[in-house]
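Protein chains: 2
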Amino acid sequence: MTLTTTFYDAIENRRSIYGISKEPVISDERIQEIVNHAVKYVPSAFNSQTARVVILLGDNHTKLWDITTQTLKGMVPEDQFASTQEKMDSFNAGYGTVLFFEDMSIVEGLQAQFPSYADNFPVWSLQSSGMLQYTIWTALESEGFGASLQHYNPLIDEEVKTTWNLPTSWKLLAQMPFGKPTVEPNPNKEFEPIEDRVKVLK
Amino acid sequence: MTLTTTFYDAIENRRSIYGISKEPVISDERIQEIVNHAVKYVPSAFNSQTARVVILLGDNHTKLWDITTQTLKGMVPEDQFASTQEKMDSFNAGYGTVLFFEDMSIVEGLQAQFPSYADNFPVWSLQSSGMLQYTIWTALESEGFGASLQHYNPLIDEEVKTTWNLPTSWKLLAQMPFGKPTVEPNPNKEFEPIEDRVKVLK
Numbered sequence: 005m006t007l008t009t010t011f012y013d014a015i016e017n018r019r020s021i022y023g024i025s026k027e028p029v030i031s032d033e034r035i036q037e038i039v040n041h042a043v044k045y046v047p048s049a050f051n052s053q054t055a056r057v058v059i060l061l062g063d064n065h066t067k068l069w070d071i072t073t074q075t076l077k078g079m080v081p082e083d084q085f086a087s088t089q090e091k092m093d094s095f096n097a098g099y100g101t102v103l104f105f106e107d108m109s110i111v112e113g114l115q116a117q118f119p120s121y122a123d124n125f126p127v128w129s130l131q132s133s134g135m136l137q138y139t140i141w142t143a144l145e146s147e148g149f150g151a152s153l154q155h156y157n158p159l160i161d162e163e164v165k166t167t168w169n170l171p172t173s174w175k176l177l178a179q180m181p182f183g184k185p186t187v188e189p190n191p192n193k194e195f196e197p198i199e200d201r202v203k204v205l206k
Numbered sequence: 005m006t007l008t009t010t011f012y013d014a015i016e017n018r019r020s021i022y023g024i025s026k027e028p029v030i031s032d033e034r035i036q037e038i039v040n041h042a043v044k045y046v047p048s049a050f051n052s053q054t055a056r057v058v059i060l061l062g063d064n065h066t067k068l069w070d071i072t073t074q075t076l077k078g079m080v081p082e083d084q085f086a087s088t089q090e091k092m093d094s095f096n097a098g099y100g101t102v103l104f105f106e107d108m109s110i111v112e113g114l115q116a117q118f119p120s121y122a123d124n125f126p127v128w129s130l131q132s133s134g135m136l137q138y139t140i141w142t143a144l145e146s147e148g149f150g151a152s153l154q155h156y157n158p159l160i161d162e163e164v165k166t167t168w169n170l171p172t173s174w175k176l177l178a179q180m181p182f183g184k185p186t187v188e189p190n191p192n193k194e195f196e197p198i199e200d201r202v203k204v205l206k
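Sequence lines, in order, name chains B and Z.
Its first residue numbered 5, the first sequence is counted upward by one per residue in the numbering used here.
Its first residue numbered 5, the second sequence is counted upward by one per residue in the numbering used here.
One or more hints might be untrue.
A pair holds if it fits inside one copy or across any two, identical chains being indistinguishable in the list.
Computed list of lysine-lysine pairs in DSSO-like fashion (alpha-carbon distance at most 30 Å, straight line) [said to hold, decoys possible]:
no.: 1; residue 1: LYS44; residue 2: LYS77
no.: 2; residue 1: LYS165; residue 2: LYS184
no.: 3; residue 1: LYS193; residue 2: LYS203
no.: 4; residue 1: LYS165; residue 2: LYS77
no.: 5; residue 1: LYS203; residue 2: LYS91
no.: 6; residue 1: LYS203; residue 2: LYS44
no.: 7; residue 1: LYS165; residue 2: LYS203
no.: 8; residue 1: LYS206; residue 2: LYS67
no.: 9; residue 1: LYS91; residue 2: LYS206
no.: 10; residue 1: LYS184; residue 2: LYS44
no.: 11; residue 1: LYS77; residue 2: LYS203
no.: 12; residue 1: LYS91; residue 2: LYS44
no.: 13; residue 1: LYS203; residue 2: LYS67
no.: 14; residue 1: LYS26; residue 2: LYS77
No wet-lab data here; the hints were simulated from the structure.
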């Protein structure tokens, strides 16, 4: 896996990028390669490898945001729907979407196998998924894409599983639309004073 | 923040490293710098910046593993305690420990402010903490340390908060002992077939 971006630069440069287009940035094979790399190397509790990922490109990407738009149409008051439609259109304008799942059959298997940790496995599964979401987000942006992290789960879960015939045990946790950036991220992101967040005790 | 390790190499090289020593690898100021960098740049839902981190060095690092050892002594059967003691000693043998917390007063504030997302904020808080744990783990190992992720919470929570006078709203999620590596990671980590975990739909 070649890319000269250093680790700290990648961390620092990752932002939520909402303006994205369908213009290709890297090949579909390269997209798959960076997703595979992250899924392989990001850790999971007891090396349980609970993460599952679906990369939606082309018509499948469009289909996801059509599903989400239709779902929200049944829920958002009509006079407030314009801004929702605009948001859906902005995600649909991108090149693809990464869907993040956890295979709950594995999580439940660990709970049955190790009852004294039963409460922990779902918590660790969420933390591990966060690690993976973040790694793919940072990787996509290091490669020149813009991306953001969306959460229309659980509203769209059933239709997503039915549409793409995914196992019922896969639990949807996040959706990451990505594409060629068309706008800069907000330059005024606010940061709390670091000394309120980190303590060093020697 | 300078370090030439590329992003993908850092991802690939991060492992659980259990054999660690107290020999210094980088300065304490540099440790704090890489933790601060991660805490600043790792994202959180609604930019809520819920993560809190405590870096324990020197006697404070030793104190943490003494607390954990004493807590487990009251729970693990006496004839099985030797292996627990050995594990505690291996963490204590390291240079320091990073404690990861989430400030639940912020999470609860968001739940009150946005009731329709109330169930999501604790889930997103866990995912964001996972992102941060992973970033600091990867950074520490990129700098030459070995580290692993431990979970003696909630057993040790009360004594940790009392000992270091931490806010009651800080919820402990993970402990990361680190030090100079003294053994190689397990060379035989097993990986599930990637095609069972990632699907590409064009």
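Report task. Could you place LYS193 and LYS203 in one of the four classes (within, between, both, neither) given a Cα distance threshold of 30 Å? Result -> within (23 Å within a copy, 34 Å between copies)
**Report entry** Same-copy or cross-copy closeness of LYS206 to LYS67 [CA-CA at most 30 Å]
**Finding:** between (54 Å within a copy, 11 Å between copies)
Query - Within, between, both or neither, where LYS91 and LYS44 count as close if Cα-Cα is 30 Å or less - result: Intra 32 Å, inter 27 Å, cutoff 30 Å: inter-copy only.
Query - Within, between, both or neither: LYS203, LYS44 at alpha-carbon 30 Å - result: Classified as between; 14 Å across copies, 33 Å inside a copy.
Query raised in the report: When no copy is specified for LYS91 and LYS206, does a C-alpha distance of 30 Å or less occur within a copy, between copies, both, or neither?
Result: Intra 48 Å, inter 23 Å, cutoff 30 Å: inter-copy only.
Query raised in the report: Between LYS165 and LYS203, at a C-alpha cutoff of 30 Å, which is it: within one copy, between copies, both, or neither?
Result: between (44 Å within a copy, 13 Å between copies)
Query - Intra- versus inter-copy proximity for LYS44 and LYS184 (alpha-carbon distance at most 30 Å) - result: Result: close both inside a copy and across copies, 25 Å intra and 25 Å inter.
Query raised in the report: For LYS165 vs LYS77, is the C-alpha pair at or below 30 Å within one copy, between two copies, both, or neither?
Result: within (20 Å within a copy, 47 Å between copies)
Query raised in the report: Given a CA cutoff of 30 Å, do LYS203 and LYS91 count as a within-copy pair, a between-copy pair, both, or neither?
Result: between (39 Å within a copy, 26 Å between copies)
Query raised in the report: How would you label the pair LYS26, LYS77 (within, between, both, or neither) given a Cα cut-off of 30 Å?
Result: within (25 Å within a copy, 59 Å between copies)
Query raised in the report: Between copies, within a copy, both or neither: which fits LYS203 and LYS67 at Cα up to 30 Å?
Result: between (47 Å within a copy, 16 Å between copies)
Query raised in the report: Using 30 Å as the alpha-carbon threshold, which applies to LYS77 and LYS203: within, between, both, or neither?
Result: between (46 Å within a copy, 29 Å between copies)
Checked against the numbered hints above, the structure breaks only hint 1 and satisfies the rest.
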